[in-house]
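K.L.:
Chains as they are written, first to last, in numbering that gives the first Met the number 0: chain A, 0 to 125; chain B, 0 to 113.
Each hint should be verified, as a subset may be incorrect.
Stated by the list, open to error - In the DSS-like style, the derived pairs of lysine-lysine whose C-alpha atoms are separated by at most 25 Å in a straight line are:
#, chain 1, residue 1, chain 2, residue 2
1, B, 102, A, 115
2, A, 1, B, 86
3, A, 115, B, 1
4, A, 115, A, 22
5, A, 116, B, 1
6, A, 1, A, 22
7, A, 67, A, 47
8, A, 47, A, 1
9, B, 102, A, 116
Worth flagging that the hints you see were computed from the coordinates, not collected in a lab.
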Amino acid sequence: MKTLTIVLTDGPYISEYAEIACKLTEEALRWYHVNIFLYLDAVHIPRKGQTPSFFSNIGELFTGLAEKGVVIRACARCAAARGYIAEENLENGSNCKDYHPGIRISSLYELAEMLKKSDRVISLSR
Amino acid sequence: MKSVFYLLDTAPYGSEKAFGALNAVAVSLNGMNVTLGLYGDGVYLAAADQDSTNLRMPNLSDILYSYGELRVLVHEPSLIERGLFDKTLIETIELVDEEDFLKEMENLDSVILF
Chain A
0 MKTLTIVLTD GPYISEYAEI ACKLTEEALR WYHVNIFLYL DAVHIPRKGQ
50 TPSFFSNIGE LFTGLAEKGV VIRACARCAA ARGYIAEENL ENGSNCKDYH
100 PGIRISSLYE LAEMLKKSDR VISLSR
Chain B
0 MKSVFYLLDT APYGSEKAFG ALNAVAVSLN GMNVTLGLYG DGVYLAAADQ
50 DSTNLRMPNL SDILYSYGEL RVLVHEPSLI ERGLFDKTLI ETIELVDEED
100 FLKEMENLDS VILF
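Next up, chain A with everything else stripped away, as it sits in the complex (with noise of 0.2 Å):
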């Protein structure tokens, strides 16, 4: 099976990026296994306790993917700047107790990790 990598670095509800890619990888699951790397303001995108009134709940859609065997990572220098800290213990398949479960806290390493694998890659951004 090959690899799709999407890149997302806007943070939820700004744009209709993430739910795009939400979209695009539910349809993608058809074909690829699909890495998702959340970078910059995107590691607001798992965030628990979000209640959009007009949008979708992103870190609940997001959530599902993971469910679904996608690979979620955030970008560690920017959670931690934004307030989301890695942890050592998984609880629920997270790192992070504000997260959504089954998405992690990653080094930028694997982003490049990811790139190098991917057959193809997305990149959403505004």
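We have chain A already, so just place chain B on it with the hints.
P.N.:
For chain B alone, coordinates are given in the frame of chain A:
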């Protein structure tokens, strides 16, 4: 994936985008062919003698200098539009026109936008 083109069209200071692009470039240099393309306001990153002291930001041109193996393409029309063409630029860059910029993007395996 063997090669990646990082496209930066955001000015170097005032947001985290340029710094983020340079960090992504840095981790990709190990084992991949990496090109950084500066387009639009991104060409300000090519200006020499940047002083970011008062911004409490790292000097991003110094970071570019420290990655000698990195290929940096600068979109020449963007430089001209911003009055930077006759200014002192960092030495490690290559000036390219629209056609060559696009060709370089096409030739690499992936393009990541900042």
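K.L.:
With the threshold set at 25 Å, check whether the alpha-carbon distance from residue 47/A to residue 1/A stays at or below it.
P.N.:
violated, 31 Å
K.L.:
Taking 25 Å as the top limit, are the C-alpha atoms of residue 102/B and residue 115/A close enough?
P.N.:
holds, 21 Å
K.L.:
Mind checking the alpha carbons of residue 116/A and residue 1/B for me, to see if they're no more than 25 Å apart?
P.N.:
Given pair residue 116/A, residue 1/B holds - Cα atoms ~9 Å apart, limit 25 Å.
K.L.:
Please work out if residue 115/A and residue 1/B have their alpha carbons no farther apart than 25 Å.
P.N.:
Answer holds: residue 115/A to residue 1/B is near 6 Å, not above 25 Å.
K.L.:
Are residue 67/A and residue 47/A close enough, with their CA atoms no more than 25 Å apart?
P.N.:
With a Cα-Cα distance of about 19 Å, the restraint between residue 67/A and residue 47/A holds, given a limit of 25 Å.
K.L.:
Going straight from one Cα to the other, do residue 102/B and residue 116/A come out at no more than 25 Å?
P.N.:
holds, 24 Å
K.L.:
Is the straight-line distance between the alpha-carbon of residue 115/A and that of residue 22/A 25 Å or less?
P.N.:
Holds: residue 115/A and residue 22/A sit about 24 Å apart, inside 25 Å.
K.L.:
Given the hint that residue 1/A pairs with residue 86/B, test it: the Cα-Cα distance must not exceed 25 Å.
P.N.:
violated, 46 Å
K.L.:
Hint check: residue 1/A vs residue 22/A, CA-CA at most 25 Å. Holds or violated?
P.N.:
At roughly 18 Å apart (the allowed maximum being 25 Å), residue 22/A and residue 1/A satisfy the hint.
Checked against the numbered hints listed earlier, the structure breaks hints 2 and 8; every other hint is satisfied.
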